[in-house]
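Starting from the known structure of chain A, fit chain B onto it as the hints suggest.
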Amino acid sequence: MSIQHAQDNWFVAILIAIISLFILFNIFRARKGRALYIRRIAGLDAIDDAIGRATEMGRPILLIPGMTAFGVIAMQSLNIFKYITRESARFATPMRFLTANPTVYTVAQETIQEAYQEAGRPELYEPDSIRFLSDRQFAFASGAAGLMQREKVAANFMFGEFFAESLIFAETGNMVGAIQIAGTVSTTQVPFFVAACDYTIIGEEFYATSAYLSREPVLLGSLVGQDWAKILFASLILFGSLVATFWGTDTPLLGVFGKAGGWDAFFKGEGQ
Amino acid sequence: MQLALDMSRDGATWMMAAIVVLAFLGMFGLVFLLQMLSTQGRRAIVVAVTFIAGLIFALEFFLPAQPVDGQDKNFLSDPTLQIQNFLQVVAGMALGLGTYGLLRLHLRNVVQKRAQWGYSASLLISLVVMGFLSIWHSLGEKNVEGQPLVATNETAEYIFSVLFNNMIVQMDAAMFSLIAFYIFSAAYRAFRIRSIEATILMATAMIVMIGIVPLGKAISEGIGLPAELPPEYAKEPFSLTAILYSLKLPTMADWILKTLNAPATRAIEFGVAVGGLATAIRLWLSMDRGLGV
Numbered sequence: 001m002s003i004q005h006a007q008d009n010w011f012v013a014i015l016i017a018i019i020s021l022f023i024l025f026n027i028f029r030a031r032k033g034r035a036l037y038i039r040r041i042a043g044l045d046a047i048d049d050a051i052g053r054a055t056e057m058g059r060p061i062l063l064i065p066g067m068t069a070f071g072v073i074a075m076q077s078l079n080i081f082k083y084i085t086r087e088s089a090r091f092a093t094p095m096r097f098l099t100a101n102p103t104v105y106t107v108a109q110e111t112i113q114e115a116y117q118e119a120g121r122p123e124l125y126e127p128d129s130i131r132f133l134s135d136r137q138f139a140f141a142s143g144a145a146g147l148m149q150r151e152k153v154a155a156n157f158m159f160g161e162f163f164a165e166s167l168i169f170a171e172t173g174n175m176v177g178a179i180q181i182a183g184t185v186s187t188t189q190v191p192f193f194v195a196a197c198d199y200t201i202i203g204e205e206f207y208a209t210s211a212y213l214s215r216e217p218v219l220l221g222s223l224v225g226q227d228w229a230k231i232l233f234a235s236l237i238l239f240g241s242l243v244a245t246f247w248g249t250d251t252p253l254l255g256v257f258g259k260a261g262g263w264d265a266f267f268k269g270e271g272q
Numbered sequence: 273m274q275l276a277l278d279m280s281r282d283g284a285t286w287m288m289a290a291i292v293v294l295a296f297l298g299m300f301g302l303v304f305l306l307q308m309l310s311t312q313g314r315r316a317i318v319v320a321v322t323f324i325a326g327l328i329f330a331l332e333f334f335l336p337a338q339p340v341d342g343q344d345k346n347f348l349s350d351p352t353l354q355i356q357n358f359l360q361v362v363a364g365m366a367l368g369l370g371t372y373g374l375l376r377l378h379l380r381n382v383v384q385k386r387a388q389w390g391y392s393a394s395l396l397i398s399l400v401v402m403g404f405l406s407i408w409h410s411l412g413e414k415n416v417e418g419q420p421l422v423a424t425n426e427t428a429e430y431i432f433s434v435l436f437n438n439m440i441v442q443m444d445a446a447m448f449s450l451i452a453f454y455i456f457s458a459a460y461r462a463f464r465i466r467s468i469e470a471t472i473l474m475a476t477a478m479i480v481m482i483g484i485v486p487l488g489k490a491i492s493e494g495i496g497l498p499a500e501l502p503p504e505y506a507k508e509p510f511s512l513t514a515i516l517y518s519l520k521l522p523t524m525a526d527w528i529l530k531t532l533n534a535p536a537t538r539a540i541e542f543g544v545a546v547g548g549l550a551t552a553i554r555l556w557l558s559m560d561r562g563l564g565v
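Heads up: the sequence lines are chains A and B, in that order. Position one of the first sequence corresponds to residue 1 (this note's numbering), numbered consecutively onward. Position one of the second sequence corresponds to residue 273 (this note's numbering), numbered consecutively onward.
Here chain A stands alone, though its shape is the one from the complex (with noise of 0.2 Å):
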């Protein structure tokens, strides 16, 4: 049963309320000045490389977020491309940024003008190089992969929500022999990625990016609160392991968690 509410499953609840605590505590924390570590991520700093490698061919880098419907997803793409845009503005590399999602494309627009003036080179901002090609998934990739093959681009980057239109927009990069650098949250396709891309970031290193290449504080303190839920989702795996090898699943003290009947089940002990 998908969760609608809370009561549905008061442990999820109480969960995701910590979880919040721990990244907001460790923002709080970065924001007083505390030095936080990052470990090198090395499809990030291959991006530079590929500007530069699209610079020195004098070729334009694409920029694709998939599928992405407008949402959380869509704003980590956008602040990826936004940094992507401002160090290609720097070079005079002219880009391409493609979108299924119109909404995504109004925002997008801005996102992009703005990088440029941040670059120093708004004069260099062409309104038509942010294109929404269709909603169709199909007749986005291969309006996709058409521009690849027509302008021959040196730099393919690819971050976002993907589905099967993975595959074609990563082989015709390969095939007209740009750098590749995907990320995606979408499991089923890093394998495609993995196969077919020079650099692949994979799952939470997606949401990773901003902060490894800002160096934000308050996005490094994110990225620590989100390694507190991990470990915390790690205890509690292990816990439940162990609880279930040594006294069975249907041990009361598994029941716990995700025990359902609203919030009575919670403070009162009823419900199932």
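A couple of the hints might just be wrong.
[Claimed, not checked] Here are the computed lysine to any residue pairs in the SDA-like style, where the Cα-Cα straight-line distance is at most 20 Å:
1. Lys530(B) with Ser186(A)
2. Lys230(A) with Arg538(B)
3. Lys530(B) with Ala244(A)
4. Lys152(A) with Ala387(B)
5. Lys152(A) with Ser392(B)
6. Lys385(B) with Val176(A)
7. Lys385(B) with Arg150(A)
8. Lys32(A) with Ser558(B)
9. Lys152(A) with Val176(A)
10. Lys385(B) with Pro127(A)
11. Lys230(A) with Leu549(B)
[Stated by the list, open to error] What the simulated footprint calls covered on chain A by chain B, stretch by stretch (three residues with Cβ under 8 Å from a Cβ of chain B suffice, anywhere in the stretch; the number is not a length):
12. 11 to 20
13. 40 to 49
14. 67 to 77
15. 124 to 133
16. 207 to 219
17. 228 to 237
I should point out that these hints are in silico values taken from the structure, not numbers from a laboratory. Even glycine gets a Cβ: it sits at the ideal position worked out from N, Cα and C.
Relative to the frame of chain A, chain B by itself:
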């Protein structure tokens, strides 16, 4: 009585129309206000609206709900539904902007006769023809008191059907089928034996690929491995029969998928979920300045 009902229905329609017009005026007023304000003032309004909108959704999730018309609802459930409808309307407007951008680019390509402007011309013709026919088709399907909104035309319906079913759907299928060839070429590069990791990857992939098709079962049983695991051996994992059964290609493929692959995928999904939550919190509290709000 009928007259009273008609008047009440007319009144409700006018009320709805007035609400829509007022909402539009309010929205344009807000846009105008944002343009007039300084950057700090604009930021304050955006931060406040973001926080209030996020708070409504968060409270709707956490506050207790009671069953109403077969659904669990609290006092914020209906307003959140209205907000979601409003967001769909905004997304609809964005679709217009997206189409305008597409038209502007390709019209310019045709007018200025840029390189490969023929493609742009075919896009514009397709857009106009398909747009016209599909709107006609959709209006013909909509009934008001048993009457279609627009009279349908058989020839137009036939052309629409040919364009949609015989062209768009088939072209989608053609693009989708291309993926099979792309998988082949990507797999060829990925499975080349260049390192220990690539060798393990290739061996694992071979076991899974052969194990999940009937060929895997046929090969395993052809070399004498047991077809089924008798129940008496199910609790004896170190018996010869159980070990031989475990060496079957379908059993190994199943073990790789469920015991090795699924936990790794779930671990990634845990990370993605927590990362999404962290980003959502930063956006809600306007801590994320990435887009320069």
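Verification of the supplied hints:
1. Of the supplied pair hints, the one linking lysine 530(B) and serine 186(A) holds, its CA atoms being roughly 19 Å apart against a limit of 20 Å.
2. Annotation: proposed proximity of lysine 230(A) to arginine 538(B) holds, straight-line Cα distance about 12 Å (limit 20 Å).
3. A C-alpha spacing of about 19 Å is found between lysine 530(B) and alanine 244(A), which places the hinted pair at or below 20 Å, so the restraint holds.
4. Among the hinted pairs, lysine 152(A) with alanine 387(B) is consistent with the structure: their alpha-carbon atoms are about 15 Å apart, no more than 20 Å.
5. The straight-line distance between the Cα atoms of lysine 152(A) and serine 392(B) is roughly 19 Å, inside the 20 Å bound, and the hint therefore holds.
6. With a C-alpha separation of about 26 Å, the suggested pair lysine 385(B) and valine 176(A) falls outside the 20 Å cut-off, and the hint is violated.
7. Restraint check: the Cα-Cα separation between lysine 385(B) and arginine 150(A) comes to about 16 Å, which is no more than 20 Å; the hinted pair holds.
8. Among the hinted pairs, lysine 32(A) with serine 558(B) is consistent with the structure: their alpha-carbon atoms are about 18 Å apart, no more than 20 Å.
9. Taken as a hint, the lysine 152(A) and valine 176(A) pair is honoured in the structure, with Cα atoms around 6 Å apart against an allowance of 20 Å.
10. Proximity of lysine 385(B) to proline 127(A) is assessed by CA-CA distance (about 19 Å); at most 20 Å being required, the pair is judged to hold.
11. Our distance criterion of 20 Å between C-alpha atoms is met by lysine 230(A) and leucine 549(B), whose separation comes to about 12 Å.
12. Residues of the segment 11 to 20 of chain A lying with their CB closer than 8 Å to a CB of chain B number 4, which satisfies the three-residue condition for coverage.
13. Only when three residues or more bring their CB closer than 8 Å to a CB of chain B does the claim for the segment 40 to 49 of chain A stand; here the count is 0, and the claim is violated.
14. Coverage of a stretch by a chain is defined here by at least three residues with a beta carbon nearer than 8 Å to that chain's beta carbons; for the segment 67 to 77 of chain A and chain B the count is 5, and the condition holds.
15. Only when three residues or more bring their CB closer than 8 Å to a CB of chain B does the claim for the segment 124 to 133 of chain A stand; here the count is 6, and the claim holds.
16. Counting residues of the segment 207 to 219 of chain A whose CB lies closer than 8 Å to any CB of chain B gives 7, so the stated coverage by that chain holds, three being the minimum.
17. Taking a C-beta to C-beta cut-off of 8 Å, the segment 228 to 237 of chain A contributes 3 residues in contact with chain B, enough for the three needed, and the coverage statement holds.
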